Amino acid sequence: MFLSEGRKHQVVFSLWFCFYLVLIAAQDNITDPTEVEALKAIKERLIDPNGNLSNWIRGDPCTSRWTGVLCFNETLIDGYLHVQELQLMNLSLSGNLAPEIGSLAYMERLNFMWNKITGSIPKEIGNIKSLVLLLLNGNLLTGSLPDELGFLPNLDRIQIDQNHISGPLPTSFANLNKTKHFHMNNNSISGQIPPELWRLPKLVHFLLDNNNLSGYLPPELSKLPSLLILYD
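Quick note on numbering: the sequence shown equals residues -26 to -1, 1 to 206 in mature numbering (1 follows the signal peptide of the UniProt record, and there is no 0).
Straight-line C-alpha distance at most 20 Å; calculated SDA-like pairs for lysine to any residue:
{"id": "1", "residue 1": "Lys103", "residue 2": "Phe46"}
{"id": "2", "residue 1": "Lys176", "residue 2": "Leu201"}
{"id": "3", "residue 1": "Lys17", "residue 2": "Glu74"}
{"id": "4", "residue 1": "Lys152", "residue 2": "Leu107"}
Each pair of labels, with its calculated beta carbon distance range:
{"id": "5", "residue 1": "Arg173", "residue 2": "Thr8", "range": "29 to 39 Å"}
{"id": "6", "residue 1": "Lys97", "residue 2": "Gly165", "range": "12 to 22 Å"}
{"id": "7", "residue 1": "Ile203", "residue 2": "Phe125", "range": "18 to 28 Å"}
{"id": "8", "residue 1": "Ser140", "residue 2": "Arg39", "range": "35 to 45 Å"}
{"id": "9", "residue 1": "Gly53", "residue 2": "Pro193", "range": "45 to 55 Å"}
{"id": "10", "residue 1": "Pro23", "residue 2": "Lys176", "range": "38 to 48 Å"}
{"id": "11", "residue 1": "Ala79", "residue 2": "Pro192", "range": "33 to 43 Å"}
{"id": "12", "residue 1": "Leu191", "residue 2": "Ser28", "range": "44 to 54 Å"}
{"id": "13", "residue 1": "His138", "residue 2": "Lys176", "range": "25 to 35 Å"}
{"id": "14", "residue 1": "Asn151", "residue 2": "Pro192", "range": "16 to 26 Å"}
Hint data in this document are derived by calculation from the structure and do not stem from the laboratory. Quantities reported herein were computed from a predicted structural model and do not represent experimental measurements. No residue lacks a Cβ here, since even glycine has one placed at the ideal position from N, Cα and C.
Model the full assembly from the supplied sequences, consistent with the hints where possible.
Shown next as structure tokens:
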């Protein structure tokens, strides 16, 4: 039996389409490979004395439920599962934060509270435009605050209190239009409070006590419409 040229094209297209569907089905319920590599890089930079992250070497991060890795329940438009939260609080972790953390592009909550993390805050966190909660308080972080943190359009809460952060407050923080809670107390932050911060329309808590700030409290801060608590 011979097929016409048009029929051959139909058969080839049908086979190609079936192969495409198989690939899509195989891809379903798999974590984005870029995020898998990012998680592996994060683990490599951490010291985990209690073995809390021991299952980070088995299976898929989302479907195998790696400790502290919470994912969206469904695949997104690209066909992959994505990390929604990294919840690693109070696990006695030390080491430092890998810059690859910025590749978790869909993450909404980053929580490393109450560990012993050292080193600086990676500027790459500023790439996570979906980030709502940035919780790094109660560690041993040093260095200055990256300007890039001021360009997180969805950030609701930033907690970096009780570390060893130094240097000035970036003026870029005036761009955090959705931030309600700004906790920077108990660090070594220096310089003046940028008067530009009066532009933060939703700021409720502004905690900067027990730092090395100098100068006066900018009178512009009196214009903050939602501010309830201010410690400087």
